[in-house]
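Heads up: the protein sequence lines correspond to chains L and F, in order.
For the first sequence, UniProt numbering begins at 1 and goes up steadily by one.
For the second sequence, UniProt numbering begins at 1 and goes up steadily by one.
FYI, nobody ran anything at the bench for these hints, they're computed from the structure.
Since no wrong hints were added, every one of them can be taken at face value.
Simulated restraints, written as ranges between beta carbons of each label pair:
| # | chain 1 | residue 1 | chain 2 | residue 2 | range |
| --- | --- | --- | --- | --- | --- |
| 1 | F | Ala-192 | L | Lys-158 | 38 to 48 Å |
| 2 | L | Lys-252 | F | Gly-97 | 34 to 44 Å |
| 3 | F | Ala-192 | L | Arg-225 | 37 to 47 Å |
| 4 | L | Lys-217 | F | Gly-246 | 49 to 59 Å |
| 5 | F | Ser-168 | L | Gln-245 | 37 to 47 Å |
C-beta: ideal position from N, C-alpha, C; glycine also.
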Amino acid sequence: MAETKSDIHLYTAQTPNGIKISMLLEELGLPYKVTAIDLQKNTQKEPWFLEINPNGRIPALTDTFTDGSTIRLFESGSIMQYLVDRYDTEHKVSYPRGSREYWEVNNWLFWQMGGLGPMQGQANHFTRYAPEKIQYGINRYQNETRRLYRVMETQLSKSKSGYLVGDRLTIADLACWGWVASAYWAGIPLHEFPHLNAWVDRIVARPACEKGRHVPKPHTALENRNKTQEELDKAAAETRAWVQQSMAEDAKK
Amino acid sequence: MASTPNPPKPIVVWITPPGPNSWKVIVVLEELSLNYRIHSFRFDDVKKPPFIDINPNGRVPAIEDPNTGITLWESGAILQYLIEVYDGAAHRLSYTGLAERHLCNQWLHFQMSGQGPYFGQAGWFQHLHAEKIPSAIARYTAEIRRVLGVLDGVLAKKAKAEGKAEGSAVWLVGDKMTFVDLAFLPWNFRLAEVLVQSWDEVWAGLPHVRAWHERMVELPSWKRSMEHRARLMDEQGLQWNGVPKGIETFTEYEEKIARGEDTTALGK
Ligand SMILES: N[C@@H](CCC(=O)N[C@@H](CS)C(=O)NCC(=O)O)C(=O)O
Ligand SMILES: N[C@@H](CCC(=O)N[C@@H](CS)C(=O)NCC(=O)O)C(=O)O
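Chain F with its partners taken away, still in its complex shape:
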């Protein structure tokens, strides 16, 4: 197998630690053992320079790759770049064929537009928004279940088509884990919190998607990613939901940011 060209200079990844999207990029970097460095900063600063000059949309993650001189944002675009440039020889997490490449892309776009935004809205209405709006929570909870149902159906069908025994590994594209399987991991990892359910309740009636997810959770690359997260959250004095210690709700946090208050003092 051809070896993956490891970049001589570290790829810089700009992140704020709580949100799931940055961890899609980190887990892929970890899985490919690439040379990278995390630049962790505070959520208070996403819409300010220097970050806004890197990503005009003011959202993490973004990367700067000094080896190619390219700056990129949007986690899906970053993943396509990392895979093409740094997994193009070994294909540990990707394929060479046109069909497999586009099937991976299809699932990546589904993750980006179908999983992320709706899981995010559910989390918002469930936890971060001060006022509880049952119909909004119900809307996004139903969408999460629908998306998980789509994945479960596809994985079940694939296991059957491939004649796989119960519990053996099935992946979204082809016969190995790719970067698109990993792309679903960070949001699914947060489901118990997002849905406010026990782990067993979360996966009720979804055995295939559960087994797929739990296989990835065991990866050393994911465990390392989550160790980084814990350390970086702690460094900023953040609670599990991303709000600094000493502040009650996200609404209050955003108001403090809007007023230009120093929220770090509260975290200490």
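Extracted from the complex, chain L is given alone in its bound form:
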């Protein structure tokens, strides 16, 4: 394919969904521009951003497409599929389209997008941000997140490479990493899952992932391993105020 010059621009914040993309871009060695979005200030709800992502969430990405005009993409899973489809022609972190492994990567990618992300997100909500303490909500989503971790733990225990699919790190691993790395925030002690724990460290040990996880600012989730629940709760205060305010605004619409 005749390559038009690409011009990748990532709109992101320091969150599990945002760092999926910066870690992937670093693994692929692609140049990219970054605009940090301030979620607390609701920059993601401003009209210029909604032009890129009508859903008002990060990450979003723009690029100069092969026809020379701009393509706008949102949803981290689709952004990852776009990047490897277009740029990972050597299959560093993906498999050739149509191969068995290609479809197996898709199982785990969609599993993360439709399962792990939303459920751990709800565990965060009820554990850290909810306006009232609802023990049922905490249990429901922590249990579901644990169940999902067990599914991943079993897969990794059977893997020779130490990654989810085949012999290499893929976008399936990258999609899950930020979420599993912040298990403690959702109130789940990661050391209960030895293979997952080792997988988290294996990925940080890759220089590209190490660089990518600190975009647009330093990634601190791993340091939560050593914090008490009380300390974590204190750290959640600012985000809690923002989440509750956005919920109140959405409810008015």
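On the provided structure of chain L, position chain F with the ligands as indicated by the hints.
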């Protein structure tokens, strides 16, 4: 137009009838007139062999395609596979271009991560959970309205950009219905139940998304899918909410499953 290669051996689709996710796959199979066979089983058995050996996550749907030897789970991954392998020549529900392909993917991921999980949580707190927790119901109801608002805004803008007259067909990507439009159908179809509202209340202030949805409901492929559902629900003696007749709440149902009780006897 090149014809769609119909697989000589039926694609086997593992489903439990009530939940919306399996019907995303069935409606696409129906729309492409592909050779497939439904393997319907009971919700009690999703976390047990043989199904757990097919999908380690213990969730329906999953497919086995004897024509390629591939087993897949997660409805989004299944849809991408069906489209690439069986709509790759005719492109009845998809496009060839890189940009359109990825825009379809974007909406598919939005459906998978933005619509499904939150509509599902709303349904859970509204109907399936025994205790009523107003703040949880309010949280997920607001999220449903937000997601519908995003879709309505996008469809409205597209109608305007395309200079379409009021009421004419607008689709999420390009100028024809694709598999991602269909992917939103099964959950939206259940909105009156999920929100406990009349059909008109559900769509108040959302004319574009309503028209888009109601166009798809009229498809013969969807009507056939829902006939299959009705028959399979009946076969298992299930009420509309997926709980066997004779059991009151989903919590009670799950407890019976956990205790290893035979819930089929109650359905009879
Ligand atoms: N399924 C989406 C989820 C994106 C998402 O949840 N983004 C969060 C940050 S991690 C966000 O932008 N929240 C802003 C808000 O809710 O206003 C994806 O993976 O891209
Ligand atoms: N409006 C959001 C704000 C919090 C937020 O955006 N959380 C992200 C994580 S940073 C989330 O849970 N995303 C779910 C996903 O990725 O599927 C809420 O109320 O949950």
